[in-house]
Amino acid sequence: MLTTKIFFRKTKGGNVFKTVREHYLRNDIHCGSKACEKCMCKTRNIILDDEDSSVKSSKITEPYYLLIDTNIILDQIDILEEDVICNVIIVQTVLEEVKHRSSMVYKRLKNIITNPQRKFYVFVNEHHKETYIERNPGESTNDRNDRAIRVATKWYNAHLHLDDNKIKTVLLTDDARNRELAEKEEIPAISMEDYILSLENSAFLADKLCKKNYSAVCEGPEFFPCHLTPSELHDGIKTGKLQQGTFQASKENFLEGFVNVDGVEKSIFIQGRSSLNRAVDGDTVAVELLPEDQWSSPSDIVLQDEEETDVDNVLEVKKVIDKFDPSNKMQKTQTGKVVGIIRRNWRQYCGILQTSNIETNVRHIFVPAERKIPKIRIETRQYTVLCKQRIIVAIDSWPRNSRYPLGHFVRALGEIGNKTTENEVILLEHDIPHSRFSDAVLSSLPKMPWNVTDVDLAQREDLRHLDICSVDPPGCTDIDDALHCRDLPNDFHLLHHVITDLLSSNLCSLLEKVERLTFSCIWEMDKDANIINTKFCKSIICSRAAMTYDEAQLKIDDATQQDPLVKSLRNLNNLAKKLKKKRLDNGALVLASPEIRFQVDCETHDPIEVEAKKLRETNSMVEEFMLLANISVAKKIVEEFPEYAVLRRHPEPPPANFEPLIKAAKNQGFTMNVNSGKELAASLDECHKENNPYFNIMLRILATRCMMQAVYFISGMLQPNDYYHYGLACPIYTHFTSPIRRYADVMVHRLLAVCIGADATYPDLLDKKKNHALCQNMNYRHRMAQYAARASVALNTHLFFREKIQDEEGYILFVRKNALQILVLKYGLEGTLYLNKDKNSDVTFTYNAENHSQTCGNTVFRTFDPVTVQISLNRSNVQHEKLIFKLVKPFIPGFSVPAANAQSCRITVEEGTKETAKRKMETEKQQSNNAKGGGNKKRQKKRKH
Amino acid sequence: MIEAENIEDQNGLRPDGRRALELRQIRVKMGVFGQADGSAYIEQGNTKILVTVYGPHQPRGSTGRSTSNITKGIVNCQYSMAVFSLSSGERKRKPRGDRKSQERSLQLKHAMEAIIHLEIYPRSQIDIYVEALQVDGSEYCASVNAATLALIDAGIPIKNYAIGCTVTLINNPSLEDEDNTLGKGVLDANYVEECTPGVTLSVVSLPNNDSTSKDGLIVVAQGAGQRLHLSQFESLKARVLCGCQDIRTILDYAVREYLTEQSLPSLFHVALN
Ligand SMILES: [Zn+2]
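Residue numbers (full-length UniProt numbering), protein chains in the order written: chain A, 1 to 945; chain B, 1 to 273.
Just so you know, the hints here were simulated from the structure itself, not pulled from any lab data. Not one of these hints is a red herring.
Simulated pairs of lysine-lysine, DSS-like, Cα-Cα distance not exceeding 25 Å: (1) A:99 to A:212; (2) A:166 to A:129; (3) B:184 to A:770; (4) B:184 to A:769; (5) B:184 to A:768; (6) A:110 to B:184.
So the derived list for chain A, only partly shown, Cβ under 7 Å to chain B, looks like this: (7) 124; (8) 127; (9) 760; (10) 761; (11) 763; (12) 766.
Beta carbons: idealized from backbone N, C-alpha and C, even for Gly.
Kindly generate the complete structure, drawing on both the sequences and the hints.
Next comes the structure, spelled out in structure tokens:
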């Protein structure tokens, strides 16, 4: 059967086109029930149970299936993810609505559907002869879809009305109107809340109910002005009366924020509860500018929402806003108010429950870890358990009469302060997926034991006869590259192998004396390391040795060793030196950042990198060939796919970025030339101070701060000039050498394989738009991973400083108006030493903006000056523990604190023996963790480009 | 251009509700145009093609004079698309003479030369005019089918049906499809499917007479879109030949009906499968 869909489409130019599409209706679509005897064509996709296996409900007495409406999926996805809910029918109409409304929820729903245990059946009602409906004249798309869902439910009830096995299909919807219409047509329908509460042991599910629809009852005073309707917003934006932008809440003051309007440099300031009007950080909002006489400026007071009790009191709100004294506004900035929300950017938030006096109360206040997010009101019946835990909460709605948004409990992470819990928080808050791989993914892994097959031999170049070896840091478990070099009559023949094709740390690692599948990059070079020829191939290798940098270095240096492996290493090393020289001559930068250079050993917390400055030649040998492989591959894939190649670029920083560096150097009597990477590299090389061995390093740290972020991109999106990699000083670059730990490398591998005809493409591989989106995602993930790494270092540092007060030597990295930024080299730790904080103290510091110095009496603080600081941990706020830096040396009477020894003694005395034993245990635990995490060390130390 | 839509989520069904190997509804009408020596109108879904055949007649114009080959007849093809033909609703700037139309004309000529007994028409010319009235994917293949029918209507002896069919590799073989069949290529793509990133192979074959063997001689094959790896070719070929065979059965049925009725041209509804 055939019907035709006709619809009208408007283009950007405003032209209206009529589009005609065919729409086939079928009679061979299965209902998905095992009990069914009517549907003819059997497929393996019949998953709905025939016996009564759905969870017992007091409201539905017969065996039943649930057919769910779009609103249930969009709002109640947290409950749907519970295993209790099964035997569910999702009609195509609903699936498509979900897809258009929220890609995030859609993804989660797809995950449920693909899990066969959950028994979620997708019924393609739109192509079924008996369930397809045309839109009636005058009927809105929404109404039509609601009707289609009801028609499908009705059809199921009639269809599964068998003699011996009657199965009821119940429409689950929170749309009261749809439910009403369904009841009129004698279709069984129920709301989510009614359904959940009718189940046995429903308490934990009830906590997860979305609070969206229950706010309709308006009680109490309204705190916020109305939001404008979508059409009013649309018109307002069109006429320019309103502006659309992204709302950014202030971290310091919960009653302030900014709206960044696209393409406009100056953001709009928002102040006060009613102007903020329920905007949450990240939301896309519509703002209206206030008349200029009502403009304001960010207050310099820090204001946290510390209200302990939950009093919805208008007076209280007024009081807080009145605190902004209008007289002390120096610079007024354009100020506006939020009049409507265009798109919410709500996600799930980590946090804790606010302490409540009435434990039996169901309503509680949730305090998110992220300061920019308002507190959330939730209902839970498990307060006594949850109050000691880190939990996750989702926002459902924010009605006008509620001071806080309404949300629901999603799940608990674990005990507050526990290392595992806090790690989980870091992962979640940085949006890092860390659930286990799905069975579908795991099932595609190769079966063990694994062997090279004849097919592999036929398709790959056999390089097992070559004396290949790998060189890595000690204890490395994921060896992802190996090298080899041999003399040709005239030239060298060089190989760089990168593991490919197989997952899991064993198969992906180029272990010693084991055959592995690899992707090889083969260069022919002359004695001066000029490339004569480059070739890529899939290959099979057998590494002769997996060496550490030290072992390889010893072999190279030991003149008595003359076996082929050593000769190969020596040649490689010589060529690498030449390559490196060329690179540095070109202006490649050698920068430092505390994260990299001052790695802290987790066990002893001793810095392991500070003295590791004498890097062995072999380190840079591996690095050079890695860079060369990446560059060669980048050239190849761009040549073959000018539009779709995945590349990595590092934009040149705008000159203004270098200002702090130039000033800092100038104060020390050095000139920084930043016109080009090359000149910068040369300037950095010249900066040395006799009395400060770390001066050069710190300068390089500052230089790193001036840099832009390197990013992945698709070649077709930019002009070739913009491919430039500033840090490496090369015109083109990509990531090829670490497919085990970076997705970009996997994409590059696939592209390269297509280039050389080794693999088939798949449509998405050469889809510019999709690749662009992938690159955006990789950049986002990369950024979040960096933030998470920093947060993780902070967490570990905090754990270390618990119940400890310690004096450490440090250097001033920046001098600020009211503080000194201190770098503690031993831990690679940065912290702020606040000055003039105590208003009652008669010790005052004078800031000199000209030469960036702070003066107090005879003591002057300048950038790079050494200081001794006392570090301790402030744990007063459970969610925001922070390190406190206090000055010890130089000694300023009335400001500096005495050295820590005396104090720490006192603490040891106070602590009982029990406490010490516990700590000892913890240390041991850390050690064992550390042993397990040995493989990760390489990851952290890997060269970053 | 229509934005490439996501093709998935329909439990193994394509966006318009077909399964991978199902063709669109084919409607055929022969002898629609009295003035021509032969004519045929075909609808494959929303792709609608009218073909007229004139000849054989004495060579006219430059084609006739310049050719040295006088032992065989000459086939002259002209492919044009009506300006209103695009299913996206946009207007085409000019009906013929652009590169795409010229290419199509040439390929159509190859296909037709393969089936006409040209040796019995020395010093003659056969003109085939193709007018694509509405375009919704696979239009080149549909015009081959229509041209074959028009030749039959004109009474020009042919060796075999020349049948065109497309096969499109639309997406990753997804794990969720019922029998993983969409991932291996779909037949007779419509415009939306042709626009998704992937490869479309347009194949013209001369299917064997007995419909049991899914084999046939490929006379024209043309790819569009991304590059195709050799390893994928065989399975695509098998699928497309299968499609050609099906179309042949439908057309053959239509021709026999038409020839037996003879009286007045009628519209045939040949249902799917
Ligand atoms: Zn059935």
